[in-house]
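Asker: Those protein sequence lines, which keep their order, are chains F and V. Quick note: the first sequence, position 27, residue 27 per this note's numbering, numbers continuous. Quick note: the second sequence, position 50, residue 290 per this note's numbering, numbers continuous.
Simulated from the structure, these hints should not be mistaken for lab results. Hints may contain errors.
[Claimed, not checked] The list that follows gives simulated cross-link-like pairs (lysine-lysine, DSSO-like), each with its CA atoms no further than 27 Å apart:
(1) F:K126 x V:K254
(2) V:K254 x F:K72
(3) V:K307 x F:K96
(4) V:K258 x F:K126
(5) V:K301 x F:K64
(6) F:K72 x F:K45
(7) V:K254 x V:K307
[Claimed, not checked] Sample of chain F residues facing chain V (criterion: CB under 8 Å; computed from the structure):
(8) L123
(9) R124
(10) R160
(11) E165
C-beta: ideal position from N, C-alpha, C; glycine also.
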Amino acid sequence: MNRIAVVTGAARGIGYSISRKLVSSGWSVAGCDVLEDDLMAASGKLGDAFSPWILDVTDEDAVKDVSGRIEKELGSVFGLVNNAGITRDGLIMRMKKSDWDIVLNVNLTGAFLMCRAFSRLMLRQKEGSIVNISSVVALLGAAGQANYVSTKAGLIGLTRALSREFAARNIRVNAIAPGFIETEMTRELSKEVREDYASRVPVKRMGQPENIADAVHFLLNDVSSYITGIVLPVDGGLTT
Amino acid sequence: MSLETRVTEIIIDKLGVKPEQVTMEAQFDTDLGADSIDQYELIMGFEDAFGLRIDEDEATKLTTVGKVVEYLKNKDLDN
């Protein structure tokens with residue numbers, strides 16, 4: 001069984017780790033990202049089972065075009081992982097509307113466009129599994145991240161709505177809420193902030209991208225065939 | 241096979257309804273029990289069977305069997 005999955009934000013961090021896990025488990029991965037150099041580097045490391053697709057998920061026409069070409073070149077897509085995300089942090093009093101808009105566009109509208117494009121294909125083949133990468137901040141809140149937190153909570157709503165639309169069509173839709181994971185995004189934080197984060201996690205350490213990749217692999221595969229519409233925290237006990 | 245017969249067969253296959261239910265006047269939702277996603281799949285079924293693409297604005301107007309037949313007749317299908 002050589003199933004095909006599309007992963008957005010595949011060039012770095014959690015998206016790269018998800019792609020690596022899927023490739024090592026025998027999947028073919030269409031890795032999408034706007035970061036061309038990083039994506040090519042990822043492609044070089046992951047080999048032929050990983051195909052790089054330069055894609056801005058906020059570009060409606062590009063999503064339509066790329067989804068069609070992926071289907072044509074690789075075949076029926078079984079899995080979709082909406083992982084692409086950005087931050088533009090700031091207190092709400094100082095948050096520019098442009099910072100609100102761009103985070104919403106990438107994190108939430110991008111996932112909507114990808115779900116729309118690929119659900120049509122999944123409906124046709126009568127099978128599929130979608131995993132949206134939310135965040136613990138959607139459940140806990142986070143100061144200075146009104147835009148980011150809103151999108152991650154929005155992804156939970158999107159997940160639940162779509163799980164209902166497709167439940168009887170053999171297409172599952174789930175979300176994962178990662179806790180504090182060591183990635184390029186969190187490495188930008190100061191050492192003190194990261195140590196503070198880690199101290200607040202019940203297991204007393206930050207998570208690794210591989211922890212998220214394992215959860216994605218579980219939710220994409222048929223071993224989780226009776227699970228749809230859930231939000232799975234992978235957070236070292238942070239939200240318990 | 242007439243266009244009406246082909247359309248009727250697709251509807252029976254997709255919705256699991258009885259042939260006698262599929263009259264030209266039958267509404268997909270109230271008469272044939274199709275929910276919105278059933279209707280979406282029906283449109284996909286017509287697209288595949290007749291080799292055309294029905295855009296969303298037109299698709300939402302195709303609420304009865306007769307409207308689908310009429311729509312397809314006006315498309316001058318080759319097959």
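Asker: Please go over all the hints and tell whether each is borne out by the structure.
Answerer: Hints versus structure:
1. For the hint linking K126 of chain F to K254 of chain V, the alpha-carbon distance of about 13 Å falls within 27 Å, and the restraint holds.
2. For a cut-off of 27 Å, the pair hint linking K254 of chain V to K72 of chain F stands: about 26 Å separates their Cα positions.
3. Between K307 of chain V and K96 of chain F, the direct Cα distance comes to roughly 49 Å. Violation of the 27 Å bound is thereby established for this hinted pair.
4. Proximity of K258 of chain V to K126 of chain F is assessed by CA-CA distance (about 23 Å); at most 27 Å being required, the pair is judged to hold.
5. Proximity of K301 of chain V to K64 of chain F is assessed by CA-CA distance (about 24 Å); at most 27 Å being required, the pair is judged to hold.
6. Between K72 of chain F and K45 of chain F the CA atoms are separated by roughly 24 Å; this keeps the pair inside 27 Å, and the hint holds.
7. Between K254 of chain V and K307 of chain V the alpha-carbon distance is near 17 Å, which keeps this suggested pair within the 27 Å criterion.
8. Taken as an interface hint, L123 of chain F checks out: its beta carbon lies about 6 Å from the nearest beta carbon of chain V, inside 8 Å.
9. With 8 Å as the threshold, the beta carbon of R124 of chain F comes within range of chain V, its nearest partner Cβ sitting at about 6 Å, so the hint holds.
10. Here the hint on R160 of chain F is broken, as its CB sits about 16 Å from the closest CB of chain V, past 8 Å.
11. Hint status for E165 of chain F: holds, given a least beta-carbon distance of 6 Å to chain V, under 8 Å.
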